[in-house]
Amino acid sequence: MKDIYILGVSAFYHDSAVALLKNGEILAAAHEERFTRKKQDSGFPVMATKWCLEYSGKNLDDLEAVVFYDKPFLKFERLLETYYSFVPRGWRSFITAMPVWVKEKLFLKKLIKDELKKIGGFFPSNLPILFSEHHLSHAASAFYPSPFKEAAILTIDGVGEWATSSIGVGRENEITLLKELHFPHSLGLLYSAFTYYTGFKVNSGEYKLMGLAPYGNKKSERVKKYIDAIYEEMIKVADDGSLWMNMDYFDYATGLKMVKENKWIDLFGIPPRDSESPISQEYCDMALAIQKVTEDIVLKMAKNIKEISGCDNLVMAGGVALNCVANGAIVRSNMFKNIWIQPAAGDAGGALGAALVGWYIYFKNPRDVVKEDSMSGAYLGPEFCSLDIEQTARKYGAIFEKIDGYSQAAKKAADLISQGNVVGWFQGRMEWGPRALGNRSIIADPRNREMQKKLNLKIKFREGFRPFAPSVLWEDAREYFDTQIPSPYMLLVADVVEKRRLPLPENYETLTWQEKLYHMRSDIPSVTHLDYSARLQTVHKNTNPLYWELINEFKKLTGYGVVVNTSFNVRGEPIVCTPNDAYKCFMRTDMDYLVMGEYLFEKNLNQIGKKIKIGKKNMSWTKDYEKDTG
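Numbering (our numbering), first residue to last: 40 to 669.
Treat the hints loosely; a few may be bogus.
[As the list claims (entries may be wrong)] DSS-like mimics (lysine-lysine), calculated; alpha carbons at most 30 Å apart, straight line: (1) K258 <-> K188; (2) K403 <-> K152; (3) K451 <-> K188; (4) K156 <-> K240; (5) K218 <-> K41; (6) K642 <-> K499; (7) K555 <-> K623; (8) K497 <-> K451; (9) K342 <-> K441; (10) K434 <-> K410; (11) K148 <-> K89; (12) K497 <-> K258; (13) K77 <-> K89; (14) K450 <-> K580; (15) K594 <-> K240; (16) K441 <-> K403; (17) K410 <-> K441; (18) K188 <-> K41; (19) K492 <-> K403; (20) K61 <-> K450; (21) K642 <-> K257; (22) K188 <-> K157; (23) K451 <-> K302; (24) K642 <-> K434; (25) K152 <-> K257; (26) K451 <-> K258.
[Unchecked claim] Have a look at the derived ranges for each label pair, beta carbon to beta carbon: (27) D454 <-> S425: 20 to 26 Å; (28) E502 <-> P163: 47 to 53 Å; (29) H579 <-> I168: 33 to 39 Å.
Keep in mind that the hints were calculated from the coordinates and are not lab data. Since the structure is predicted, the reported quantities are computational estimates derived from the model, not experimental observations. From the three backbone atoms N, C-alpha and C, an ideal C-beta is built for every residue, glycine too.
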């Protein structure tokens, strides 16, 4: 029987990506940004596609179909109708957008073919280019890889063609979308509007807003005032979670900004925060207010699909499904017995969903359900061998120690972090999705009360309020966190258990957020957020045995089966992909050690702050990182 290969593509908005299926199984998937080193690269994923094909040993003419993740004509229809509805407002936006659409996006099939031809090799003129609807792609990415034969499906994001959220049901190889909420009314865009107003970058800073929310004062009258203002002036929410947005406060439908700032100043009494300016308590309270509103709406949507479907299982995708705090609220509600969330829940994951739509819906293939899920732990990207690492070392004149085997590498890394060092950990296949899950990670000791500050300010070069995630052995998870279900993709929040918490001072709520930040809240302070929560990754021996072994070795040394895990990158840059990326990131930060494969690099033995010559080019390890508003 001939093997069937299908390529799914997400591109031209943000976070372009591709996924390649072989007979319905996920063979490879990658974000374009990891290759171009341009964060959230929106261009056609030429490099990621080329890698996927090289990994599979196949060419373009071996593909059965290419499936794009949304339908451009429907999106164009939405733009035209929106501009018509708001005329004469939106003229500036209209004349900016239309030339691009008329010149390029209306002829997307030709554009896709032209981009694929850049990959090289023979391009078959009869290769089918198919188009899936945006939210169907999200729904497919959530349901088909899940471990469920039947599940309720909830997708929530900014906007696709018309839909901004959808609910549906998946059974065997079929997906039925039951209801949609349409643009301009969008929970994702509502959250992004507050992201913008609090000084972060739309489409990348939403997780910062989520991380800032616990610094809001729960007992503050200001938080209640902000919540009331949102419900009374900005939105109306129905019992099923559908919402109507008062467009007098928003400019994204036809303008060049997210919000009408004067209206927001009148409503909230504070101006939009300039990016990277000091964060006052008002913006913390605003973050808490919109987070609470978001959780309430998501819970109503989940309750509605539970009532309609009667399913015990829920699957989720779309950018809002990356809001792990809201996801945790669904878990705590006990509405569903099981919840599974696509690790690349945002637009990048649409590439995978599109490919799966092609396999199951267009080609009508049967579906085999995998017990855990069919994502292979989300380790779907490139991997590199010893020769690649040694070539990188030779390129930079790096000094390293060869370790005797991967198990010894895990032991060495565990020993180093137990001594207070920060270690770059680079192993195996790169992760799919926005989270580092133990193959492109920076790891540290969660017991160290200074570690959050060190990681944020000296290694990640980012805001000091940002929390860090714990990677915990699944079998030990309940020793540290109030959780009953796995969270392998770092998409659920769980509270630190009571026995590990430390008491707060009586005047705690009167402290500034900066004073609260470094107060010891538990015996694992570096992964305990201000509200005792943690964005949890459970590590499973059968999924990532080497990372599991590292944490288990750390447990043998310290008694703690949990480590700090943050993505191997710095502000404004994508997660590292290659040994070259990893070594450069290591040398430009205050990381103490780098373990790549079976190779150990110690910072003190390598060139720090010196200029080095690569061929005819001089380069320096020092780097000015661009201001990160996202």
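Taking the hints in turn, this is what the structure says about them:
1. K258 <-> K188: 44 Å, violated
2. K403 <-> K152: 25 Å, holds
3. K451 <-> K188: Roughly 42 Å separates the two Cα atoms, so the pair is violated.
4. K156 <-> K240: 34 Å, violated
5. K218 <-> K41: Judged against 30 Å, a Cα distance of about 38 Å means the pair is violated.
6. K642 <-> K499: 16 Å, holds
7. K555 <-> K623: 34 Å, violated
8. K497 <-> K451: 23 Å, holds
9. K342 <-> K441: 54 Å, violated
10. K434 <-> K410: Not satisfied, since the Cα-Cα distance of roughly 44 Å exceeds 30 Å.
11. K148 <-> K89: 19 Å, holds
12. K497 <-> K258: Since the Cα atoms of K497 and K258 sit roughly 33 Å apart, the hinted pair is violated (cutoff 30 Å).
13. K77 <-> K89: 17 Å, holds
14. K450 <-> K580: Between K450 and K580 the Cα gap is close to 16 Å, so the pair holds against 30 Å.
15. K594 <-> K240: 38 Å, violated
16. K441 <-> K403: The hint is violated at about 50 Å.
17. K410 <-> K441: Roughly 38 Å between the alpha carbons, so the hint for K410 and K441 is violated.
18. K188 <-> K41: 27 Å, holds
19. K492 <-> K403: 52 Å, violated
20. K61 <-> K450: Between K61 and K450 the Cα gap is close to 36 Å, so the pair fails against 30 Å, i.e. violated.
21. K642 <-> K257: 43 Å, violated
22. K188 <-> K157: 40 Å, violated
23. K451 <-> K302: 57 Å, violated
24. K642 <-> K434: OK: K642 and K434 at ~17 Å, within 30 Å.
25. K152 <-> K257: Since the Cα atoms of K152 and K257 sit roughly 53 Å apart, the hinted pair is violated (cutoff 30 Å).
26. K451 <-> K258: 46 Å, violated
27. D454 <-> S425: 20 to 26 Å: 22 Å, holds
28. E502 <-> P163: 47 to 53 Å: 49 Å, holds
29. H579 <-> I168: 33 to 39 Å: Holds, at about 38 Å.
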